[in-house]
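*Asks:* One-letter residues, chain by chain:
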Amino acid sequence: MSTTLWIIFAGAVATYLTRIGGHLVISRFERIHPRVEAGLNAVPAAVLTTLVAPAALSAGPAELAALAVAVIVSLRGGLLTMFLAGAAVLIAMRHFIG
Amino acid sequence: MSVEAIPEGARASEFWRGARLSIPVVVASAPFAVLFGALAIDNGFSVAEATLMSATIYGGASQLVGIELFGHQVAPWLVVLSIFAVNFRHVLYSAAVGKRIDHWPLLKQAIGYFFLVDPQYAEAERKGENGEEVTFAWYMGLALPIYVFWLAESTLGALFGRLIPDPHAIGLDFLLPIYFLGLVMSFRKRPRWLPIVIASAAASMIAYKTVGSPWHVSIGALAGVMLAAALPVRADETVETEEAVEVVS
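Listed in order, the protein sequences are those of chains A and B. Counted from 1, the first sequence has number 4 at position 5 by numbering that gives the first Met the number 0; the numbering is strictly sequential. Counted from 1, the second sequence has number 199 at position 200 by numbering that gives the first Met the number 0; the numbering is strictly sequential.
None of these hints come from the bench; they were simulated from the model. Mixed in with the good hints, there may be bad ones.
What the hints assert, rightly or not - Okay, the calculated bits of chain A under chain B, using three or more residues with CB under 8 Å as the criterion: (1) 4 to 13; (2) 30 to 42; (3) 45 to 53; (4) 56 to 67; (5) 72 to 83; (6) 86 to 95.
What the hints assert, rightly or not - If you only want the chain A side, here are some residues facing chain B, beta carbon under 7 Å, derived: (7) Thr17; (8) Arg18; (9) Ile19; (10) Gly20; (11) Gly21; (12) His22; (13) Ile25.
Stated by the list, open to error - Covered stretches of chain B, as calculated for chain A (at least 3 residues, CB under 8 Å): (14) 167 to 174; (15) 188 to 195.
Every residue gets a Cβ at the ideal spot worked out from N, C-alpha and C, and that includes glycine.
Working from the sequences, and respecting the hints, build out all of it.
*Replies:* Below, the structure is given as structure tokens:
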């Protein structure tokens, strides 16, 4: 089996475990320790931040402008609106600045 | 009350009630499905592999994270671990939804959990909060259109992605950071969000420059999680779980 297929199937199993695991494991505990819960709550923001921050390190003006606009739009609009606004700024600035 | 006790006609109308709720989700997730397909090709996946990933993992954000890391030649186990980390929030959904569907037969429960993406969780919680029964027919009426369109649009994106002559000109290489930033922002109502983001950003940037990719992902994430666990916790905090409901993630 190729590495790609291995990643896909292992990823699928891992994902299914998260979807059924809460019911099988977490719901059996009366209460999760508050610090564990705080740590779990932080996981998505923490992981996703690591995918943005290093990209911003090597970004040019078009990329930085796109990120800035995306942040501002996300304060009011939904995910799709912010994504389209950021993408539009990125494409326009790359087109005109190069 | 068991699902089997419901007459055929009522079950069909339950299915369509669920299906109607799927429409906004299908529309909002379409661009991300197409983006996933195109980026998967750009990062060295075949069309069949892109489709397979959408069919088996069925989680937009984790799929995008997965192919991004795959494209950076990250060790396979770390790609899988990252997919697991991004999807870890489903554990909370699963624990909450479990109470609403534990009257279903076991096989139907096992099937139901596979489709437990963000909007699926949000709608099931809403139905349950309103005092209505979450039936299998309703649940699948909501789940199947989202799933089928997600698959079809990922495949379309993959087919279309091979035809793009200059991915840089349409910003393909930088669309993911914008998207991930949007997801980060969508969690901003959670307790201690800003310190977590600052800690993870700083740690990941330093790790990126010193240790190098892909370790910046684990190191940065660990910094944010440890900080969250170390900061004082208030007893009255509740988890915000409906931030990202507008996308399959």
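*Asks:* Now look at each hint and say whether the structure bears it out.
*Replies:* So, going through the hints one by one against the coordinates:
1. 4 to 13: Since 9 is at least three, the answer is holds.
2. 30 to 42: Answer holds; 10 residues pass the 8 Å Cβ test.
3. 45 to 53: holds (count 9)
4. 56 to 67: Check passed, 5 qualifying residues.
5. 72 to 83: Since three or more residues must qualify, the claim that chain B covers the segment 72 to 83 of chain A holds, with 8 doing so at under 8 Å.
6. 86 to 95: holds (count 5)
7. Thr17: holds (4 Å)
8. Arg18: holds (4 Å)
9. Ile19: holds (4 Å)
10. Gly20: Nearest chain B Cβ about 5 Å off; hint holds.
11. Gly21: Since the shortest Cβ distance to chain B is 3 Å, the answer is holds.
12. His22: holds (3 Å)
13. Ile25: holds (4 Å)
14. 167 to 174: This one holds; 6 residues, not fewer than the three required, reach chain A with a Cβ under 8 Å.
15. 188 to 195: holds (count 5)
In the structure shown, no violation is registered for any of the earlier numbered hints.
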